[in-house]
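Bring the two chains, given one by one in their own frames, into a single complex with the hints.
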Amino acid sequence: MSGKGGTGKTTVAAALALALADEGKRTLLVEVEGRQGIAQLFETQALPYEERKIAVAPGGGEVYALAIDPELALLDYLQMFYKLGSAGRALRKLGAIDFATTIAPGVRDVLLTGKACEAVRRKDRGGRFVYDYVVMDAPPTGRITRFLNVNDEVAGLAKIGPIHNQAQAVMRVLKSPETAVHLVTLLEEMPVQETADGIAELRAARLPVGRVIVNMVRPQVLDAADLELVGSVPRSAVARSLSSTGLGGARRGGHAERLVEPLLAQAEEYAERYALETEQRAVLAELGVPLHELPLMAEGMDLAGLYALARNLRGQGVS
Amino acid sequence: MSRRPEPAQDQDPVREHLSPARALEIDPLIEDPATRIVVCCGSGGVGKTTTAAALGLRAAERGRKVVVLTIDPARRLAQSMGIDTLDNTPRRVKGIDDSAGGELHAMMLDMKRTFDEIVEAHADPERAAAILGNPFYQSLSAGFAGTQEYMAMEKLGQLRSRDEWDLIVVDTPPSRSALDFLDAPKRLGSFLDGKLIRVLLAPAKVGGRAGMKFLNVGMSMMTGALGKVLGGQLLRDVQTFVAAMDSMFGGFRTRADATYKLLQAPGTAFLVVAAPERDALREAAYFVERLAAEDMPLAGLVLNRVHGSGAGRLSAERALAAAENLEESRIVDQPDGKAGLRNSPDTYGSSESPARNVTDGGSPATEDAGDAAPEDEPTTADGGRSVERLTAGLLRLHAERMQLLERERRTRDRFTALHPEVAMAEVAALPGDVHDLAGLRDIGERLAAGRAELSGTP
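Here the protein sequences line up with chains A and B, keeping their order.
The first sequence maps to residues 1 to 319 in the numbering used here.
The second sequence maps to residues 1001 to 1458 in the numbering used here.
Hints are computed from structural coordinates only; laboratory data are not their basis.
All of these numbers come straight from a predicted model, not from anything done at the bench.
Please note that a few of the clues may not be correct.
Said to hold, decoys possible - Residues from chain B that face chain A, not an exhaustive set, calculated with beta carbons under 10 Å:
id : residue
1  : G1044
2  : V1046
3  : R1278
4  : A1280
5  : R1282
6  : S1309
7  : A1311
8  : A1321
9  : A1323
10 : V1387
11 : L1395
12 : R1396
13 : Q1403
14 : R1407
15 : A1429
16 : H1435
From the three backbone atoms N, C-alpha and C, an ideal C-beta is built for every residue, glycine too.
If we strip away everything but chain B, and leave its shape as in the complex, we get (with noise of 0.2 Å):
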């Protein structure tokens, strides 16, 4: 679906199209002390926390006190940050470059514990631990749908009114769709404060207004049903629940709504976060479509992992056929022909075999020719033929970065032909994971970078 062959002079002008214009510049982004939140979203396995960590790292380098609230991050991550502890309260982090005066902080989000503590700033202590003990309160606050999203989002309000930082990067949950975390605390809160909880009240406080007279047939056929479902006592729970959360309720809708319009503030910069990968930048052309309906303000787009190659000029085709050519000149040199072990080599890329079953069934073959073969070559015939197996390995290993590169190359265009108005960084694949300042601090230079041209040499 992907591989939908398209005229090859199409791709070129939608290239030149990438005008440095729209490179998304990371820096001016970080350091302007207007820029106060920086919000990453994107579908799960992007890198999404990764590149939270990185700018935060960055920003604190160049000078700003900065908070990282993470959500999920990979344990060794957060033991590098020292933050692997859950107290839902920021830690210092140690061992950044502290010569521009900056500071980083960074916490993971326990999600009941903030629960928690909200209840327990808003409610008198016995009240609190009548909710606290609460069954349904317990389920409720330890993470069934939305919860997760409305508590990052309720600790993103809470870092922001302490007014400690500079600048505070947000990761956010990986949702099970794009909506959720902007519809969750929405959800939550007109949940928490709606008619449902009006009903569920009902039977503490019936014989109200007098308009209400007609609804209250509804209701009680409604907690009737409810109390079927769920059962009685189920039902008895929420309703204790809902009691004691009451006077908390307009509250809950207070903050949802205040959250939602300091997303909206100026001072915030949305980053979508992508891999050049057709779903990811499917769910990432959804993110924008979506910011920009809500009117959140996007910044711009990190595309991570992209790949590139020094030898650029050396195209796949023209790699191949030279492994090729290498590989049948040692097929030529094998006394004992057992060429027939190699895959022919038209197989290659197929899904059913390996690009070189040499390697795993064909091994012994290639050590026989390796014995047999000094009487013809005396000279370097040992080494020789080594280094032209590992040549042929190399220049198979780098069409397939080539093959790579044009798919990524592809999947990024077509992304921006959809959105030309979204500034793009593009930041280079690592060979392996980030697990530790340095890493962290290279992620930020090449953010900075926003482009791709080389990976590489580190």
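Just chain A, with the same shape it has in the complex (with noise of 0.2 Å):
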């Protein structure tokens, strides 16, 4: 799940994961970029670098989470295939897992895709896939095809080694059909336009692109016909309509008379931004690529919120 900056990605990722573990499935809910996003949104405190469950869902479906951190990951990493010990800890003094997970060139990111790679393939003792599903709060927009496609460029900076077989394997899953990039939007310029270039750099790397979903759709409060009249219709009128519900006086200078004005600019106001989204549907439906949209919660979101947003993506047939 990518989005560009402040449409509400950790959000969606997380109504997604619960959405997915309806009729008790189990979902992994992976967060890369160390905001602890996850745990403000499911209130409760700072997830440590373990899988652990946060939710439960209606029908006894199981929301786990994990946060990851690229450093312990890396830790984990080298001790699964070297044994390294002691080793691991001079490392850490001398600042080489500082090095590795964040300059050296995308090894970070190929620990973090790479962790969550893992958790995808992982089966349990009966040879279940121990997670139906792995959703990951992945960096924004921008960065996302990057972030994905950096196995591809390690595996070529780093010709051997195990990097290099790490960074190919996660790369199969990746390209698999068994993947898809969400992006989430809102109805502005930037965050289309943004996700057209997204989903164009998705496709040209041969990442498969999966829904658009726009956040946080406002409610439509005046229709086509409604805005039409805005400009043409006279002020007396709406001010005997309020009149008439005990808003007070049409005559001028009337409680009423002097609402008109201020409520019609309000509408205008409206009309404006209703022009502006209807031109970013058509923008967005240009894409070939599903829509779903979510509204906004107007009350701020909370735990309750999203478990309306989940049930609405699954009304939708996201999951």
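What follows is the structure in structure tokens.
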């Protein structure tokens, strides 16, 4: 799940994880940017670098969450392959871990995607997948292709060695039909533009584009016919109408009369926004990707809102 | 979570707190010749770039010679400023009012190019070519974590040392977290200058000081381990890169330190940009604390996209009740009673149902009503009906606006209660995006006014 900053991709990722956990399924929600956004959303304490259950979905499904710490992931990984022990500590002391996870080309991203892919492929003793779905709250649209594709790049840079092998294995999972990159957007020009650019980049890199989810869609209050009337309606008629419901006098200077201009001004702003939104919807429709809309949670996001969004996604058949 | 019921009287005293003393005065700040750098920081999607551009334009039109350094402007905004091509040098922006003698220049940061320029400026041509062609360098410079932040700060240092402008306005990169842009220059600087680099260079330099002997054991183990992980060939690329860059390392650290000091200097002003939303303000609070901890001079908070209403005295509840009243009278008029198609009013605002299904599913009913009604009210039936319908819509729209206003006010007040020392300028929301100079000028005026009492008629 990616999206421009501020579009609510963490929220939508969490809602999707909940929606997918329907009917006894188990999903893992992965955070890679160290922001602890998932913990905030689920109103729990900061997540450690370990998978833990954070929610039960209606119907008995479970949502696990994991905040991947690239430093620990690298140590993990070294331990797994080399039993490094004290050398691992020495590496850490010298700043090598810091080096490898923040600066070395793409190693950080390889580790993050690698850990997620490991969870995707993990099976229990009975040979069943441990997680039915893994949802990643990924980096923003502007960086997503690079982030996912970094494995290709690293595989090219490190032509042999375990990083090379790991990078190739990750790319196989990411480019498989079992992966979908969903993009979250708002009905505003910049996020829509970024979504279009992001899709083009993903396609160029042969990464599977999933759906576009338009988040925070405001309810329609006035329709086209209303908006047409806004320009032509006699002010006095609106004033009379307001007055008839007890909002004061309709005469010049009366309470109701004084409301007319500000209310119509608000309607004009609404009209302008409505036109912009219509325009952006048209741009999105041309992308050739399934579109879904989620309503604006006017009261701000909370746990109840998250479950409502999950229900909504399920209702739209996204899960 | 944001809607914890608070006692109503809680809010007013807090609001009283917002005395004009803590209003952020933009014009004195950007007009003061002592102000040489303005840094706009904040989380993504709050209008940082637009704020930076609007400040730059306003300062230029008030007579200053300004350069705006943007990181990732919206395409149309960049086009309107003539900086949509990446050439990494400031371009003069045409079409501004230069009657006060000011100039506006703008540029968009090209990360890789900035890095290349540093290399070219500090190495002889042969060595520069070796560095620029190194695959490790190419990945590093094309945008791994921290590089963008570092290069933004590097560019700022360059612009400042050219001393061609009175005022530099900087937009900061949309970082993963608030920390990045302050940390990254240091981090990259210390990486390029650090112990690890020495270790990587070690094979070439072994046999130096006797005291290093003990460390050398660790080093060969290190390079061995790194080699295993990264693959020998990548490690060799890194080593070649490091060897070629060796002469420049001291420079990196020095530059990072110099930029850092420049940011702390009295001529610099930080503006934290936010929107009146919980997450954005939480991030803003974090920035404020962080800047204070680093001794960075914070000028204040710019609160973008604040809504207002010209009819603020009509409460949301009152407006909703009136809207229902109007709609009910229409239902009564409908001969075939299709009121059932309508949402019951109390579901308004719930997430599952749009506020007025009337407009989607129910519009045929409304038309029916229009057709059937003339016998009852022969004079103004049709017009009167649609006016009532419109009026109800206007009232619902107003109720929505008032609820939004109330929420924004609560969010803002929470921030103010936590950080009463931070001066604040509110910028009224515009219905659309800004992508020309006129729009930027408008934002600049709103910034300078500092109060979002009225949004509404532009």
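We went through each hint and held it up to the structure:
1. G1044: holds (3 Å)
2. V1046: holds (7 Å)
3. R1278: This interface hint holds because 6 Å falls under the 10 Å limit.
4. A1280: holds (8 Å)
5. R1282: holds (9 Å)
6. S1309: holds (6 Å)
7. A1311: holds (4 Å)
8. A1321: holds (8 Å)
9. A1323: The hint holds - B:A1323 has a Cβ within 10 Å of chain A, the shortest such distance being about 8 Å.
10. V1387: holds (5 Å)
11. L1395: Since the shortest Cβ distance to chain A is 7 Å, the answer is holds.
12. R1396: holds (5 Å)
13. Q1403: holds (6 Å)
14. R1407: Where the cut-off is 10 Å and the nearest Cβ of chain A is about 7 Å from B:R1407, the hint holds.
15. A1429: Status holds, d = 9 Å.
16. H1435: holds (8 Å)
Hint violations for this structure: none, all hints satisfied.
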